[in-house]
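S.K.: Sequence lines, in order, name chains A and B.
Throughout the first sequence, residue numbering follows the numbering used here, covering 1017 to 1420 in sequence.
Throughout the second sequence, residue numbering follows the numbering used here, covering 1017 to 1420 in sequence.
Since the hints were made in silico from the structure, they are not lab data.
Incorrect hints may appear among the rest.
A few chain A positions that, by computed beta-carbon distances, are all more than 10 Å from chain B [claimed, not checked]:
no.: 1; residue: Ala1024
no.: 2; residue: Leu1029
no.: 3; residue: Gly1062
no.: 4; residue: Asp1068
no.: 5; residue: Asp1102
no.: 6; residue: Ala1158
no.: 7; residue: Ala1193
no.: 8; residue: Thr1241
no.: 9; residue: Ala1328
no.: 10; residue: Gln1331
no.: 11; residue: Ala1337
no.: 12; residue: Gly1365
no.: 13; residue: Gly1375
no.: 14; residue: His1397
no.: 15; residue: Ala1405
no.: 16; residue: Gln1420
Derived list of chain A stretches under chain B, where covered just means 3 residues or more per stretch with a C-beta under 8 Å from a C-beta of chain B [what the hints assert, rightly or not]:
no.: 17; region: 1217-1230
no.: 18; region: 1265-1275
Interface residues of chain A toward chain B, partial, derived using beta-carbon atoms under 8 Å [as the list claims (entries may be wrong)]:
no.: 19; residue: Pro1096
no.: 20; residue: Asp1097
no.: 21; residue: Gly1389
Note that the structure is predicted; figures quoted are calculated from it, not measured.
For glycine and all other residues, C-beta sits at the position ideal for the given N, C-alpha and C.
2 protein chains.
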Amino acid sequence: MSFAELWAELLPLGRDERTGGYRRYSWTDADAACRAWFARTATGLGLRTDCDRNGNLWAWWGWPGEHAAIMTGSHLDSVPDGGAYDGPLGVVSAFAAIGRLRDDGFRPARPIAVAAFTEEEGARFGVACLGSRLLTGAVDPATARQLRDRDEVSLAAAMRGAGRDPGLLGRDDDLLANLGACVELHIEQGSMLADLDAAVGVADGIWPHGRWRLDFTGRPDHAGTTRLPDRRDPMLPFAATVLAARAAAEERGALATVGKVAAEPGAANAISATVHAWLDARAPDDATLAGVVGDVWTTAQQQAARHGVQVARTQESVTPAVTFDSRLRDRVVAVLGAAGRPAPVLATGAGHDAGVLAGRIPATMLFVRNPTGVSHAPAEHAEPADCEAGVAALATVLADLAGQ
Amino acid sequence: MSFAELWAELLPLGRDERTGGYRRYSWTDADAACRAWFARTATGLGLRTDCDRNGNLWAWWGWPGEHAAIMTGSHLDSVPDGGAYDGPLGVVSAFAAIGRLRDDGFRPARPIAVAAFTEEEGARFGVACLGSRLLTGAVDPATARQLRDRDEVSLAAAMRGAGRDPGLLGRDDDLLANLGACVELHIEQGSMLADLDAAVGVADGIWPHGRWRLDFTGRPDHAGTTRLPDRRDPMLPFAATVLAARAAAEERGALATVGKVAAEPGAANAISATVHAWLDARAPDDATLAGVVGDVWTTAQQQAARHGVQVARTQESVTPAVTFDSRLRDRVVAVLGAAGRPAPVLATGAGHDAGVLAGRIPATMLFVRNPTGVSHAPAEHAEPADCEAGVAALATVLADLAGQ
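Chain A on its own, in the form it takes in the complex (with noise of 0.2 Å):
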């Protein structure tokens, strides 16, 4: 099958018809629908398909265990009302790929194996890249076992409830064994390539970056009768925790937003009793990220005493810088020149599963243009011709990795 026809059948899966933006939560009913298209598209192409211990996807082109395998792929779980691509656009590069070598008449000398990665962004429990995080050893299995979604659903129960045994949760080593190397194909979440008139790229690096939970608690009152200095309103050093976060990134020449935000108990004519708030930082360095980290708490805790309001911090995930195997990224670079395919390098604020592996295996991604930068929302876009072009990029590379 062509990408356009694998693209075509993914695309109505979990999505939201009000907001034309994707709810695909890992371990729900869309989850679901989306694993059962991975293995109805890897067994068409002759795959043989497997769900490791943590969950995540796999499809061979061959037998795991002979070579190191050359694994691509990316996930398929997307933020609230995210768009298309982030994620699936590496999964059907992948297939599509691997059905142009096919095609080709290629016989891979090593496997080539096709992943696809659980709750990659954290929209559901909250970390991201658990899956990942999981299989290399990041995640502590007892820690993620209790994660809970906002209706307080453990991650055990969720995947008791898709038919997964939680128990099994857990560095991977036997499967990281047969890896060999990583290329995760990715939409890039910004508009460098646009700027450089490029279709496709190849990552140099991830910032480091990562969420932390900021929890105000102050004292729920009626807000037509309680005089200002009796207050202990927790959104108002909320609202300074806001501002200050991006005072400090634009100081500091780094990204930092607050975009998750609940004040309970949410009535409007009632004080809140606690604001929770997120802040996702990201810097160029780790020292940078911690500046960044350090001026936010520093404002949410002296406001926070001037209003009379406790606040907590949480450290929900963090990863520090990613320098993508060096060796790996230039001979991408090579190739892909040599076919008349020239890709720039470009680093990048967001995570990726590559990431984690990176810090096992060698790594290295593929963007594809973004015409307009916009992600994790519905108008993220990419056009055809350059989804094609990371078809045609993927199986280049696949093709010298794999052959010999």
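Let chain A serve as the given structure and place chain B on it in line with the hints.
M.R.: Relative to the frame of chain A, chain B by itself:
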């Protein structure tokens, strides 16, 4: 039945075991349980009960229409995780006062009616005092039928689900014509009576107050890849607006609160598409209120423009200043003083059904001491002795007003 017995029967209905607060939203199962309690209690006292066209409950001692009735009562619905007293204290005290008058052999010369108004808090459909506003014609019934809760259920659908006909909603002059005066008893939602060392007070007036929804619309983007100057993040002007509301209230001697916020899509790693916020503002006079809201709106517009964000303002409800009928107030103060129950006069920033009715009939309120001033929260409390003093005061006032 005594106050304590009536109170104990109502207390468990609609209480959330986790927070200890109440979730008695109109036309829900909890609301139905409260309504059944009302009917059972009224019937036990020998009162005839009725539900009016707008869903408000009535219990009659005597026949409506003979003479202008004296109306008492309050409401049974709650804010999210509200306290036990706000509303129910007035209804339970009304029944207890009638029981006491009956035991004392009192025979009313005018009918006495106990009302429980629906959706006083506006917690489900966003419009405070909805039941009394519909009764007096202050809210258009067609608009009311279209109000929607957070799950997009309309008031019309919710009423039909509870077996009520939303087509009957609207101004009810026949019912109003039967009412000669209104005396609502309510827990104080501040601590003035505690400061004055008085168990019961009499209302002077209600500050003008209102609720405005602010919708900030930006552009959803990836938090890890969108450069700061390219962002249109609605969280930033929202945060500035929260701080501006507090500053305006401080400067003008008013109250302003943002207690409800919803950021969409609400992912930790995505810049928000929209932030919806609700401003609650109250002031000693209408001009000051307009000044506070104008200040907040100026900041919202300026900060939205600075960040490339659209902002819209919707006035969800506004109640002008209410000065309760001075003759009725003076009579209540005099009769309580003569009975050895002196009660100070005080103003309040909280809206009440009595304030809505005050536009049509002479109205007054009795407040019962709140030792901490906490309201709209599980910790809301009144001492049993003060509740008994409230019942005694209400019985005294009803005997005076209905005795001739």
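S.K.: Give a verdict on every hint.
M.R.: Hints and how they fare:
1. No Cβ of chain B approaches the Cβ of A/Ala1024 within 10 Å, the least distance being about 24 Å, so the stated non-interface status holds.
2. Even its closest Cβ contact with chain B, about 18 Å, leaves A/Leu1029 beyond 10 Å, as expected for a residue assigned away from the interface.
3. A/Gly1062, annotated as away from the interface, keeps every beta carbon of chain B farther than 10 Å; the closest lies near 36 Å.
4. Residue placement check: A/Asp1068 keeps its beta carbon more than 10 Å from all beta carbons of chain B (closest about 24 Å).
5. Non-interface call for A/Asp1102 relative to chain B: violated, since the shortest CB-CB distance, roughly 8 Å, does not exceed 10 Å.
6. For A/Ala1158, the condition that its CB be more than 10 Å from all CB atoms of chain B holds, with the nearest at approximately 23 Å.
7. Distance check for A/Ala1193 against chain B: the nearest CB is about 31 Å away, which clears 10 Å, and the non-interface claim stands.
8. Listed as outside the interface, A/Thr1241 is inconsistent with that label: its C-beta sits roughly 4 Å from the nearest C-beta of chain B, within the 10 Å cut-off.
9. Separation of A/Ala1328 from chain B is adequate, the least Cβ-Cβ distance of about 17 Å exceeding the 10 Å criterion.
10. The beta carbon of A/Gln1331 is kept farther than 10 Å from every beta carbon of chain B, the shortest such distance being approximately 12 Å.
11. Every C-beta of chain B lies more than 10 Å from that of A/Ala1337, the closest at about 13 Å, which supports listing it as non-interface.
12. Residue-level check failed: A/Gly1365 sits 4 Å from the nearest beta carbon of chain B, not beyond 10 Å.
13. Every CB of chain B is more than 10 Å from the CB of A/Gly1375 (nearest about 19 Å), matching its label as outside the interface.
14. Here A/His1397 stays apart from chain B, with its beta-carbon at least about 13 Å from theirs, past the 10 Å limit.
15. For A/Ala1405, the non-interface assignment is confirmed: its Cβ lies about 20 Å from the closest Cβ of chain B, beyond the 10 Å cut-off.
16. Look at A/Gln1420: its CB is around 35 Å from the nearest CB on chain B, clear of 10 Å, so calling it non-interface holds up.
17. Counting residues of the region 1217-1230 of chain A whose CB falls under 8 Å from any CB of chain B gives 3; the rule of at least 3 is met.
18. A count of 6 residues in the region 1265-1275 of chain A with a Cβ less than 8 Å from any Cβ of chain B is obtained; the coverage claim is therefore met, three being the minimum.
19. Residue-level restraint check for A/Pro1096 holds (minimum Cβ-Cβ distance to chain B is 4 Å; threshold 8 Å).
20. Look at A/Asp1097: its Cβ gets to within about 4 Å of chain B, closer than 8 Å, so that hint holds up.
21. Contact between A/Gly1389 and chain B, as hinted, is supported at the beta carbon level, the nearest pair being about 7 Å apart and thus within 8 Å.
Checked against the numbered hints above, the structure breaks hints 5, 8 and 12 and satisfies the rest.
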